[in-house]
Amino acid sequence: MKKSLLSSWRPTLLVWMGFLLRCDASVNTEIQTGPLYRAEGSRLSISCNVSGFKNEETPKIFDFR
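Under mature numbering (1 follows the signal peptide of the UniProt record, and there is no 0), the residues of the sequence shown are numbered -25 to -1, 1 to 40, in order.
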């Protein structure tokens, strides 16, 4: 009985895993073109346009590396 229950769950689990792996998030981030200038010791601010979030209330925090 235990073996048959496990064998019936395995195909379902594989289908759900395949579905989750095919899901994908897409967020588009655009920044201005051209060189960036800043004075030594001052902060650097880069403005950008972001789209693709499902919810506009989602925090949009970025880390440039």
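If you're looking for bench data, these hints aren't it; they were derived computationally from the structure. Careful: at least some of the hints might be erroneous.
Pair ranges (Cβ atoms, derived) [said to hold, decoys possible]:
1) TRP(-17) <-> SER20: 15 to 23 Å
2) SER17 <-> ASP38: 14 to 22 Å
3) TRP(-17) <-> ARG18: 31 to 39 Å
4) LEU(-13) <-> SER26: 53 to 61 Å
5) LEU19 <-> ARG(-16): 49 to 57 Å
6) LEU(-12) <-> ILE36: 49 to 57 Å
None of these values were measured; they are calculated from a predicted model. The C-beta atom is built at its ideal place from N, Cα and C for all residues, glycine as well.
*asked:* Quick check: does the Cβ-Cβ distance between LEU(-13) and SER26 fall within 53 to 61 Å?
replied: With a Cβ separation near 35 Å, LEU(-13) and SER26 fall outside 53 to 61 Å, so the hint is violated.
Open item on the list: The hint says 49 to 57 Å between LEU19 and ARG(-16); measuring C-beta to C-beta, is that right?
Closed with: holds, 53 Å
- Message: Can you tell me whether the CB distance of LEU(-12) to ILE36 sits inside 49 to 57 Å?
- Response: With Cβ atoms ~35 Å apart, the hint is violated.
Review point. In this structure, is the beta-carbon distance linking SER17 and ASP38 contained in 14 to 22 Å?
Key: holds, 19 Å
Cβ separation of TRP(-17) and SER20, checked against the hinted range 15 to 23 Å
violated, 52 Å
Q. Regarding TRP(-17) and ARG18, is the given constraint of 31 to 39 Å on their beta-carbon distance met?
A. 54 Å Cβ-Cβ, so the 31 to 39 Å window is violated.
Of the numbered hints given earlier, the model fails hints 1, 3, 4, 6; all others are met.
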